[in-house]
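Could you build the full structure based on these sequences and the hints that come with them?
Residue numbers (full-length UniProt numbering), protein chains in the order written: chain X, 1 to 446; chain U, 1 to 195.
Some hints could be false.
As the list claims (entries may be wrong) - 20 Å max Cα-Cα, derived SDA-like pairs, lysine to any residue:
(1) X:Lys418 x U:Asp50
(2) X:Lys416 x U:Gln52
(3) X:Lys301 x X:Asn194
(4) X:Lys422 x U:Gln52
(5) X:Lys293 x X:Tyr250
(6) U:Lys19 x U:Thr29
(7) X:Lys352 x X:Lys416
(8) X:Lys427 x U:Ser154
(9) X:Lys413 x U:Thr29
Since the hints were made in silico from the structure, they are not lab data.
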Amino acid sequence: MEGAWEIAFVLFQVWLSIVVGLIVLPAMFGVSLGFTDIYIKVLVKTLEVKAFLLLCLVSFQIHNVLSGIIEKDDGSMEEEIGELRRSHPKNLAGGDFTMCDAFYFCKKGIENIVEDQVTQRFTSEELASWNLLTRTNNNFRYISVRLTIIWGLGVFIRYCILLPLRITLAVIGLSWLVIGTTLVGLLPSCNAKNWLSDLVHITCYRICARGLSATIRYHNKENRPKKGGICVANHTSPIDIVILANDGCYAMVGQVHGGLMGVIQRSIVRSCPHVWFERSEMKDRHAVAKRLKDHIADKTKLPILIFPEGTCINNTSVMMFKKGSFEIGGTIYPVAIKYDPQFGDAFWNSAKYNMVSYLLRMMTSWAIVCNVWYLPPMTRQDGEDAVQFANRVKSAIAHQGGLVDLSWDGGLKREKVKESFKEEQQKMYSSMIVGSDFHEASVGPA
Amino acid sequence: MGSRASSLLREEDIEEIKKQTGFSHSQITRLYSRFHSLDKGENGALSREDFQRIPELAINPLGDRIINAFFPEGEDQVNFRGFMRTLAHFRPVEDNEKNKDPTSGEPLNSRTNKLFFAFQLYDLDRDDKISRDELLQVLRMMVGVNISDEQLGSIADRTIQEADTNGDMCISFSEFTKVMPGKAIDITADLQNGA
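Dropping the structure here:
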């Protein structure tokens, strides 16, 4: 028995030193030994081969799921009702109620039942071609022996080789963060402290990124957020923080949590100022705004990182930006993050998975591959209110990332839509039919 | 990992729905995925709340009436068959169907059936007539609070006057079809065929 434990211990030590030597240390210094690149290349080749095999064997089962299921007419209410009325037997000039107006609402309603723009954003994106993970294939059917073998091999590699490696890295990374920042926190305030704090943060996030086999490409680094500014990005998952923090240091903003998150939060705030709110404080918008304003006024503090959508969206679109962060003033540095869904689905569906199962899913995917674009800084212009400014920033991010720009609120994930939107529709329609009535009244019967 | 949507839909079911509604195989599986994603309770049937969860439908002034059309008389749940039957009204008419055998019964998406669907949006009590009250109800839903009762009343009166040919102050289905736009109204959401 003793012998077995000793052997296990030795093996563990060897394992740990390999991991530290080949992965952790290079990661901390931003050096890549090229393992991840080779891995990604092999993956791409395999998936291409697999796609070719699939194509040969089964052509009718591959749906072109990227094109939506319906072709929508994207006209406005006026245009479409106008068209319906033009083919009316009496050829009305316009305005006035006709019974066929109901058809417009009927058509829109049925279209939205078959496919709508909002609910699809809260579940994972569908892929055009299978990437050998059963989780992404809704129509999984036994197709061929060869494919199943490849898939089985994939499972073995992901769960038995990659997963333990990634968990080790994550544990090392997070413990280093907690220990390192606590140690730095003991120093008195000085330049050295800031420099060390930045070093600890970046090295830890780099280790975590390796722990997810993350390959990140940063574009336009000259637009990187500067101190005293606010960095704004689209939100897909908690991993966004790791992705962004690999290339710069940010002050985090968020609610105080308990448990492991709480421990991490308390320790990193010792080495440099982050903004953590109590749950009760979050309700008071003025208090929140004041704290953020104070933070950015101090030019020695790191730029704040905020996700104005307020919730995780599935990376196919950008939803409404809450105006709070845009009212504070200061320079906004927009950042667009786009994940490549081929290698792993980064979206956190918080209704379906809790944090732990989500992280396990991340660690058993092939890899995380994403692009990060730093956009030129923006400030609020004269005559623009916070909402318009927020929309402008949102469009810029959506355009850069190739995402759909939606005005719907991400909060619709959990809440019902406000009645006021229905009232807007009713008002629009009323003005269409009432307008002509007034006209008739003034002209008088012919 | 949870149940896979398509695994709950058997081939026999798909064939039957195909015959009844005329949808293609891939359209049916695609719509089944949609049905499944709307079915939050995962009990194989949709309730009115499931439909209301679609924001764009919830803000549609006639949203409630459209949702009602899916539910048979007095029932609170609609299963996948019922869902497809209602959607079948909006399947675009294909060329090869125009030469169909006339004795096989009218397909669900014929012009007449489409018009009847719209007629039933107005005719809430299903007595095959649209009364002044029923018309007013629908008008009120479409305009909200923006038009006064009197104005709305006169709009309703005028509409009935124009359409009513037999003088019973109600609009029957045949009178309804006569005032509809001439060309075949394609309120169709053009459901694309899968690859």
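Hints, verified against the model:
| no. | hint | result |
| --- | --- | --- |
| 1 | X:Lys418 x U:Asp50 | holds, 17 Å |
| 2 | X:Lys416 x U:Gln52 | holds, 8 Å |
| 3 | X:Lys301 x X:Asn194 | holds, 10 Å |
| 4 | X:Lys422 x U:Gln52 | holds, 13 Å |
| 5 | X:Lys293 x X:Tyr250 | holds, 16 Å |
| 6 | U:Lys19 x U:Thr29 | holds, 15 Å |
| 7 | X:Lys352 x X:Lys416 | holds, 19 Å |
| 8 | X:Lys427 x U:Ser154 | holds, 19 Å |
| 9 | X:Lys413 x U:Thr29 | violated, 25 Å |
Of the numbered hints stated above, the single one contradicted by the structure is hint 9.
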